[in-house]
Structures are given as structure tokens and as C-alpha cells.
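So for the sequence shown, this note's numbering puts the first residue at 1; every next one is plus one.
FYI, nobody ran anything at the bench for these hints, they're computed from the structure. None of these values were measured; they are calculated from a predicted model. There could be a bad hint or two in this list.
[Claimed, not checked] Have a look at the derived ranges for each label pair, beta carbon to beta carbon:
1. Gly68 / Leu437: 22 to 30 Å
2. Thr38 / Glu315: 49 to 57 Å
3. Gly558 / Thr312: 54 to 62 Å
4. Gly136 / Ile245: 23 to 31 Å
5. Ile245 / Ile545: 52 to 60 Å
[What the hints assert, rightly or not] With a straight-line cut-off of 20 Å between C-alpha atoms, the simulated EDC-like cross-links for lysine to aspartate or glutamate are:
6. Lys119 / Glu134
7. Lys429 / Asp331
8. Lys328 / Glu292
9. Lys204 / Glu426
10. Lys72 / Asp205
11. Lys328 / Glu232
12. Lys72 / Asp281
13. Lys72 / Glu134
14. Lys328 / Glu426
15. Lys168 / Asp205
16. Lys119 / Asp145
17. Lys204 / Glu124
18. Lys58 / Asp263
19. Lys168 / Glu124
20. Lys314 / Glu292
21. Lys119 / Asp147
22. Lys204 / Asp96
23. Lys328 / Asp355
24. Lys119 / Asp175
25. Lys119 / Asp163
26. Lys58 / Glu79
27. Lys204 / Glu292
28. Lys314 / Glu369
29. Lys168 / Asp145
30. Lys204 / Glu106
31. Lys168 / Asp96
32. Lys168 / Asp147
33. Lys58 / Asp29
34. Lys554 / Asp462
35. Lys328 / Asp281
36. Lys328 / Asp539
37. Lys204 / Glu232
38. Lys72 / Asp175
39. Lys72 / Asp96
40. Lys554 / Glu494
Beta carbons: idealized from backbone N, C-alpha and C, even for Gly.
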Amino acid sequence: MFSYRNFILPLMFYLVFLSCGGNNGSSVDAVYIDPSSTVNGTGTISSPFNTWSSVIFKPGTTYLQKRGTVAKEQIIITESGTSSSLITIGAYGAGDSPVIDGSGFETGWNYETGSIYSKTVALESGEGLGLVIEDGAVLRFCKWDTDAAVTFSGAAAGAFSYDYSAGKVYVWTSDGSAPSMHTIEVSRRLYGIHGENVSYITIKDLSVRGVSLHGISFENSSHIAVSGCTVEKVGGAVISLSPVIYAGNGIEFGNASSDCVVDSVTVRDIFDSGFSPQIYDSNMHASNFTLENSVIEKCGFAGVEVAVLRNTDKENSSIDGVRISNVKITDCGTGWSGVRNGNEGRGIKISADIDGTNITRTINNVVIENCTVSGSKGEGVFLGGNSGTVTISRCRISGNNSDGILVQETGISTLMVRVTGSIIMENSKNGFAYNALVTNGITLYHNTFYNNILQGVNLNIDPGSVTITNNLFHTTLSGVHFYSVTLSGGAEIENNFFTEHGGAMAGYITAYTTAAAFNSGVTFAAGNIGALDPLVNSDMKIQGISSPCYGSGKTGTGVVYDFSGNPFRTPPSIGALEFY
Numbered sequence: 001m002f003s004y005r006n007f008i009l010p011l012m013f014y015l016v017f018l019s020c021g022g023n024n025g026s027s028v029d030a031v032y033i034d035p036s037s038t039v040n041g042t043g044t045i046s047s048p049f050n051t052w053s054s055v056i057f058k059p060g061t062t063y064l065q066k067r068g069t070v071a072k073e074q075i076i077i078t079e080s081g082t083s084s085s086l087i088t089i090g091a092y093g094a095g096d097s098p099v100i101d102g103s104g105f106e107t108g109w110n111y112e113t114g115s116i117y118s119k120t121v122a123l124e125s126g127e128g129l130g131l132v133i134e135d136g137a138v139l140r141f142c143k144w145d146t147d148a149a150v151t152f153s154g155a156a157a158g159a160f161s162y163d164y165s166a167g168k169v170y171v172w173t174s175d176g177s178a179p180s181m182h183t184i185e186v187s188r189r190l191y192g193i194h195g196e197n198v199s200y201i202t203i204k205d206l207s208v209r210g211v212s213l214h215g216i217s218f219e220n221s222s223h224i225a226v227s228g229c230t231v232e233k234v235g236g237a238v239i240s241l242s243p244v245i246y247a248g249n250g251i252e253f254g255n256a257s258s259d260c261v262v263d264s265v266t267v268r269d270i271f272d273s274g275f276s277p278q279i280y281d282s283n284m285h286a287s288n289f290t291l292e293n294s295v296i297e298k299c300g301f302a303g304v305e306v307a308v309l310r311n312t313d314k315e316n317s318s319i320d321g322v323r324i325s326n327v328k329i330t331d332c333g334t335g336w337s338g339v340r341n342g343n344e345g346r347g348i349k350i351s352a353d354i355d356g357t358n359i360t361r362t363i364n365n366v367v368i369e370n371c372t373v374s375g376s377k378g379e380g381v382f383l384g385g386n387s388g389t390v391t392i393s394r395c396r397i398s399g400n401n402s403d404g405i406l407v408q409e410t411g412i413s414t415l416m417v418r419v420t421g422s423i424i425m426e427n428s429k430n431g432f433a434y435n436a437l438v439t440n441g442i443t444l445y446h447n448t449f450y451n452n453i454l455q456g457v458n459l460n461i462d463p464g465s466v467t468i469t470n471n472l473f474h475t476t477l478s479g480v481h482f483y484s485v486t487l488s489g490g491a492e493i494e495n496n497f498f499t500e501h502g503g504a505m506a507g508y509i510t511a512y513t514t515a516a517a518f519n520s521g522v523t524f525a526a527g528n529i530g531a532l533d534p535l536v537n538s539d540m541k542i543q544g545i546s547s548p549c550y551g552s553g554k555t556g557t558g559v560v561y562d563f564s565g566n567p568f569r570t571p572p573s574i575g576a577l578e579f580y
């Protein structure tokens with residue numbers, strides 16, 4: 001029987017998230033793996049290995065699994081490539097992408113009570129339970145509590161749990177029938193692909209599924225490239241018993257990793273986060289991560305998480321340089337693990353933990369561009385902790401169940417937030433909300449805020465310097481566009497458009513119903529305009545030169561391109577979209 005204690009101690013606080021990418025190169029040799037072969041060969045295309053455990057990794061070698069096959073094992077990389085001799089893991093042949101599958105088919109279930117069945121799953125050293133898959137779909141996770149009756153008391157059909165101390169899995173199938181009426185898979189292998197202290201590794205065109213911790217993960221590694229992969233149905237392993245901590249991410253780069261690129265991947269149905277550069281130890285410094293051209297959906301914690309964690313007493317660690325570009329993130333918090341930790345389920349989370357006045361954990365130079373974030377149970381984008389400069393440009397952040405963008409930190413923070421050329425609409429709370437102490441301020445240029453349920457922009461705590469220029473505030477809900485407490489630092493609120501609906505459209509010390517009254521009543525407000533209708537289409541583009549927003553913006557903001565990539569005119573129009 002596998003001992004969780006032997007597994008937990010080395011993995012304590014190993015809550016990490018995603019993946020990296022690096023250089024591309026040509027391989028000198030190729031080794032072939034065909035898991036469907038009944039004979040374990042020598043690794044040639046005519047005599048392939050039938051297991052990855054037969055492989056010995058060497059620089060300059062390409063390792064290819066046959067398309068259309070499934071390997072029920074994990075790949076552990078223990079050797080590094082070089083800048084001129086990469087180690088490449090990929091696919092050969094025709095058909096679907098080859099699969100690395102961390103689950104096992106389970107039969108022989110025992111009846112417990114009601115519609116619940118159980119089975120003790122024998123695990124080998126280095127394995128751990130995670131999720132349960134019924135007929136290809138992950139069942140809903142229920143956190144174990146005392147016994148089966150208590151655990152499933154608030155659940156419904158289509159759920160599972162496991163007693164991590166006994167290695168016993170409990171299943172309530174989606175139709176209430178016996179598990180023998182379905183194909184049931186239980187995840188057991190901790191990783192799909194994993195490496196520590198390795199470099200110059202390329203992974204492409206593979207699918208990873210059914211693993212109990214992380215799909216693709218590297219720790220203290222550099223120049224890792226992941227492309228064309230699918231990572232799905234991952235996570236749920238217990239990594240600590242006191243307190244009990246469950247975890248599991250799609251693609252993760254941990255501790256002192258650097259120079260990693262993830263391109264053109266699909267990540268979905270993940271217990272915690274889809275992609276995460278993350279530090280969880282002291283004196284670690286990570287840098288240069290890129291996630292681009294990808295789709296992430298149904299992650300319990302966050303679609304993307306960039307984090308430097310306190311983990312009780314860890315300090316003096318940093319992440320510098322993260323670019324998230326052209327990524328579609330949807331429905332976080334709606335998957336099989338639900339909303340993690342009570343208030344997560346965020347699209348993107350950037351946070352370096354602060355402990356009182358201890359700000360030795362830092363993140364800096366995060367760029368989020370050309371992304372779509374929607375359907376999150378929590379915020380679309382959450383910024384917290386000591387997270388330095390965060391730039392959000394040309395993004396669409398809509399339909400999230402909380403704020404579109406929330407900046408929140410109760411301790412000392414050096415956050416500086418710049419949002420430009422973005423459409424922030426129809427979020428259930430504010431479009432942009434600010435609730436952080438002692439920061440370096442905010443800049444909002446050329447954004448369109450539309451029909452956010454509470455306010456377009458809500459500054460609940462003085463952010464220091466504030467610049468809000470050339471933004472289009474529009475609503476059909478008769479809501480407040482802009483609200484702020486007293487601003488002690490420099491402030492400029494200029495050349496914005498506000499829909500004037502007869503009620504309070506802005507609030508600073510007092511309420512204002514027109515843009516003209518706001519300009520005359522607030523010393524730092526100037527050039528703002530208002531009307532009943534900004535003349536915009538459903539895609540938030542102004543209808544033409546008849547719109548009051550056309551050519552009414554302030555020059556000199558430094559924002560060159562609009563949401564669609566078109567250059568702003570001189571003078572520019574107000575909002576995220578220039579008229580062409």
C-alpha cells in the first residue's frame with residue numbers, strides 16, 4: 001500500500017501551476033515508442049519500445065510516441081539537453097495525438113449505501129489518488145470529511161471522493177447506477193511529464209490526461225518549450241495531511257525556473273490552475289515566461305496563476321517577466337473541482353504574498369495582452385500582493401461573476417496597474433475595482449466600460465496617482481460610471497465619455513449627473529463629455545463621425561493601437577475602438 005506520508009513530505013507546499021517553452025532545434029537521433037506493441041523492442045521505428053520507462057534520455061535525441069496510442073504511465077525527465085542539442089518529446093505517424101494517461105481502469109466496486117460504491121485502489125510508490133472519470137467525463141469532486149455519509153450529504157449524482165488515509169475511492173455515478181454499468185477510470189500517477197533541474201527540453205503534439213497532480217511540470221528548470229499539446233482532466237491529489245491540501249495544475253513551472261514558452265496549447269478540466277509559474281520556497285528567482293495562442297477552460301483556482309507564495313515562512317523570492325498573449329480563458333470555477341478555496345475560480349491571478357510589512361516576495365513586469373477572459377466564478381483578473389507593474393492591453397474581459405479587474409491588497413504593496421485599449425463589459429460587479437494600500441497608482445487609457453452591474457471604475461482606496469483618460473463609459477442600466485474616495489496624489493480624469501442617464505453618473509465627494517458638472521466640480525476633471533447615447537454598435541465600436549466620441553480624445557497617451565489593432569487617429573477617438 002502506498003504511504004501518503006512518504007509522498008507528502010517531499011511535496012509539501014508544492015502548489016505550482018503551468019509550463020514554459022524555449023528554443024527549437026533539430027535532433028540528431030530518434031527513438032520510437034509504441035504502447036500498443038506487444039513486444040518491447042529496441043527503440044527503432046521498426047522495433048519500437050512499448051513503454052516510456054524503457055527510454056534513456058540523451059541530448060540531441062528526439063523521442064516520439066506513435067499517434068493514436070495511449071501510454072498508461074508518466075514520463076520523468078532526468079537529463080538535460082543543450083542549446084544546440086535539445087531533448088525533444090513528440091509524436092510520429094498519422095492519427096490523433098498520442099496520449100500520456102495517468103489513470104487506471106477500475107472494476108470490482110463494493111456497494112456502500114444509497115447510490116454510493118467504493119473500492120480500495122492499490123497504489124505503487126510515488127503514486128496518489130486524484131480524480132475519477134466516468135465514461136470520459138470527470139465526476140464532481142467532494143472533499144473527504146469523516147465518512148461517506150458526511151462527505152456526500154450535500155452532493156448529487158455524478159460525484160466522487162476518496163479517503164486519502166485509506167486509499168479508498170467512493171463513487172456516485174451520474175445516473176445513480178452501479179459503477180459496473182460504466183467505464184470508470186481513477187487517476188493514480190502524479191504527473192504526465194515531469195522534470196527537475198533540467199534544461200533545453202521541447203515537448204510538442206502530445207495529450208496528457210488523467211493524472212492526479214500536475215499534467216506537465218518542471219521545477220528549477222530552464223529553456224522548456226511546450227507547444228501543440230492538450231492537457232486535460234488533471235489534479236486532485238492530497239499533498240499535505242496537516243492541514244489537508246489538495247492540488248493539481250495543468251502546466252506548471254516551479255521555483256527557480258526561467259526562459260519557458262508555452263504556445264498553442266489547450267488546457268481544460270483542471271483541479272487548480274491551468275498555467276502557472278510559481279515559487280513556493282525561499283531565495284528563489286524565476287524569470288521570462290510566455291504563454292501564447294492558447295485556450296484554457298474550467299480551472300478551479302485560476303486559468304492562469306502567477307504566484308510567489310508565503311507558505312508559512314518562505315521569503316526573498318521573485319518572478320520577473322511574464323507575458324500572457326492571445327489566450328482565451330473561460331469558465332474558471334465551473335469545472336469538476338468547483339470554486340477552489342471558497343473565493344477563487346478566477347480567470348487570471350497575479351499575486352506575490354505579503355506578510356505584514358514583509359515585501360520580500362515580489363512579482364514584476366507582467367504583461368497581459370490580446371486575451372479574452374469570461375465566465376469566471378470569481379474575478380476576470382485579480383491583482384494582489386507585491387506584484388509590481390502589471391500591464392493589461394487590448395483584452396476583452398466580460399461576463400465574469402465578480403469584478404472584471406480587481407486590485408486588492410490589505411498590506412503594503414508596490415503594484416502599478418496600466419490598462420489600455422480593452423473592453424470590460426457585463427461583469428457582475430465592477431468593471432475595474434481598486435482596494436489596495438500604498439501602491440504606485442493606476443493608468444486607464446482608451447478602454448470601453450459597458451454595463452458592468454455596479455460601477456465602471458470603483459476606487460475604494462486611494463491608489464496614489466490616478467490617470468483615467470479617453471475611456472468610454474456606457475450603460476443601459478442607469479449605473480454610476482466612476483466612483484472614488486478622496487485622492488491624495490496626482491489625479492487626471494480627462495476626455496472620457498459618460499452616458500448621461502439622468503441619475504448619478506459619477507461620484508467624488510458628491511454625486512454628479514452630467515459630465516459638465518463633474519468637470520466644474522472636481523479640480524482634476526477636464527474635457528470629459530457626456531450624452532444620452534455615445535452611438536456605439538453592439539461590438540462597442542463607435543458608429544461613425546457622428547458619435548460624440550469620434551476625435552474627442554486627448555493626444556499624447558502613448559497608446560498607438562486600438563482593441564482591434566488599428567492605429568488611433570490624431571486626435572484619437574474615445575474608447576477602445578477607433579472608427580475606420
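Now for the hints, and whether the structure bears them out:
Between Gly68 and Leu437 the C-beta distance comes to about 55 Å, which lies outside the given range of 22 to 30 Å. The given range of 49 to 57 Å is respected by Thr38 and Glu315, whose C-beta atoms sit roughly 54 Å from each other. A C-beta distance of roughly 42 Å is found between Gly558 and Thr312, which places it outside the suggested range of 54 to 62 Å. Gly136 and Ile245 have their C-beta atoms about 28 Å apart, which keeps the hinted 23 to 31 Å range intact.
The given range of 52 to 60 Å is respected by Ile245 and Ile545, whose C-beta atoms sit roughly 58 Å from each other. At roughly 15 Å between alpha-carbon atoms, Lys119 and Glu134 fall within 20 Å of each other, so this suggested pair holds. As the CA atoms of Lys429 and Asp331 are separated by approximately 17 Å, the hinted pair is consistent with the 20 Å bound. Distance restraint check for Lys328 and Glu292: the Cα-Cα separation of roughly 9 Å lies within the 20 Å cut-off, and the hinted pair is therefore satisfied.
At roughly 37 Å between alpha-carbon atoms, Lys204 and Glu426 are farther apart than 20 Å, so this suggested pair is violated. Using a Cα cut-off of 20 Å, the hinted pair Lys72 and Asp205 holds, with the two alpha carbons roughly 17 Å apart. At roughly 16 Å between alpha-carbon atoms, Lys328 and Glu232 fall within 20 Å of each other, so this suggested pair holds. Our distance criterion of 20 Å between C-alpha atoms is broken by Lys72 and Asp281, whose separation comes to about 32 Å.
Restraint check for Lys72 and Glu134: satisfied, since their Cα atoms lie roughly 17 Å apart, inside the 20 Å limit. Straight-line distance between C-alpha atoms of Lys328 and Glu426 comes to about 17 Å, which keeps the hinted pair within the 20 Å bound. Distance hint between Lys168 and Asp205 is unfulfilled; the C-alpha atoms sit about 34 Å from each other, more than 20 Å. Restraint check for Lys119 and Asp145: the C-alpha separation of about 17 Å stays at or below 20 Å, so the hint holds.
In summary, the hint linking Lys204 to Glu124 is not supported, as the alpha carbons are separated by about 28 Å, beyond the 20 Å threshold. Between Lys58 and Asp263 the alpha-carbon distance is near 24 Å, which puts this suggested pair outside the 20 Å criterion. Annotation: proposed proximity of Lys168 to Glu124 holds, straight-line Cα distance about 14 Å (limit 20 Å). For the given pair, Lys314 sits about 30 Å from Glu292 by alpha-carbon distance, which is inconsistent with the 20 Å threshold.
For the given pair, Lys119 sits about 14 Å from Asp147 by alpha-carbon distance, which is consistent with the 20 Å threshold. With a CA separation close to 13 Å, the supplied pair Lys204 and Asp96 stays within the 20 Å bound. A distance of roughly 33 Å separates the Cα atoms of Lys328 and Asp355; the hinted pair therefore is violated under the 20 Å criterion. Between Lys119 and Asp175 the CA atoms are separated by roughly 19 Å; this keeps the pair inside 20 Å, and the hint holds.
For a cut-off of 20 Å, the pair hint linking Lys119 to Asp163 stands: about 10 Å separates their Cα positions. Taking the CA atoms of Lys58 and Glu79, the gap is about 7 Å. The hint holds against a cut of 20 Å. Pair hint Lys204 plus Glu292 holds up; C-alpha atoms about 14 Å apart against a cutoff of 20 Å. Of the pairs offered as hints, the one joining Lys314 and Glu369 is violated, with about 31 Å between alpha carbons and a cut-off of 20 Å exceeded.
A threshold of 20 Å between alpha carbons decides the hint, and for Lys168 with Asp145 the separation of about 13 Å falls inside it, so the pair holds. A C-alpha spacing of about 30 Å is found between Lys204 and Glu106, which places the hinted pair above 20 Å, so the restraint is violated. Distance check on the hinted pair: Lys168 and Asp96 sit about 34 Å apart at the alpha-carbon level, beyond 20 Å; violated. A hinted pair counts as satisfied when its Cα atoms are at most 20 Å apart, and Lys168 with Asp147 qualifies at roughly 11 Å.
Of the supplied pair hints, the one linking Lys58 and Asp29 holds, its CA atoms being roughly 10 Å apart against a limit of 20 Å. For the proposed pair Lys554 and Asp462, the alpha carbon gap of about 24 Å is over 20 Å, so the pair is violated. Restraint check for Lys328 and Asp281: not satisfied, since their Cα atoms lie roughly 30 Å apart, outside the 20 Å limit. For the hint pairing Lys328 with Asp539, the CA-to-CA distance comes to about 18 Å; that is within 20 Å, so the pair holds.
Using a Cα cut-off of 20 Å, the hinted pair Lys204 and Glu232 holds, with the two alpha carbons roughly 15 Å apart. Restraint check for Lys72 and Asp175: not satisfied, since their Cα atoms lie roughly 28 Å apart, outside the 20 Å limit. For a cut-off of 20 Å, the pair hint linking Lys72 to Asp96 stands: about 16 Å separates their Cα positions. Taking the CA atoms of Lys554 and Glu494, the gap is near 8 Å; set against the 20 Å cutoff, the hint holds.
Violated hints, in rising order: 1, 3, 9, 12, 15, 17, 18, 20, 23, 28, 30, 31, 34, 35, 38; the structure is consistent with all others.
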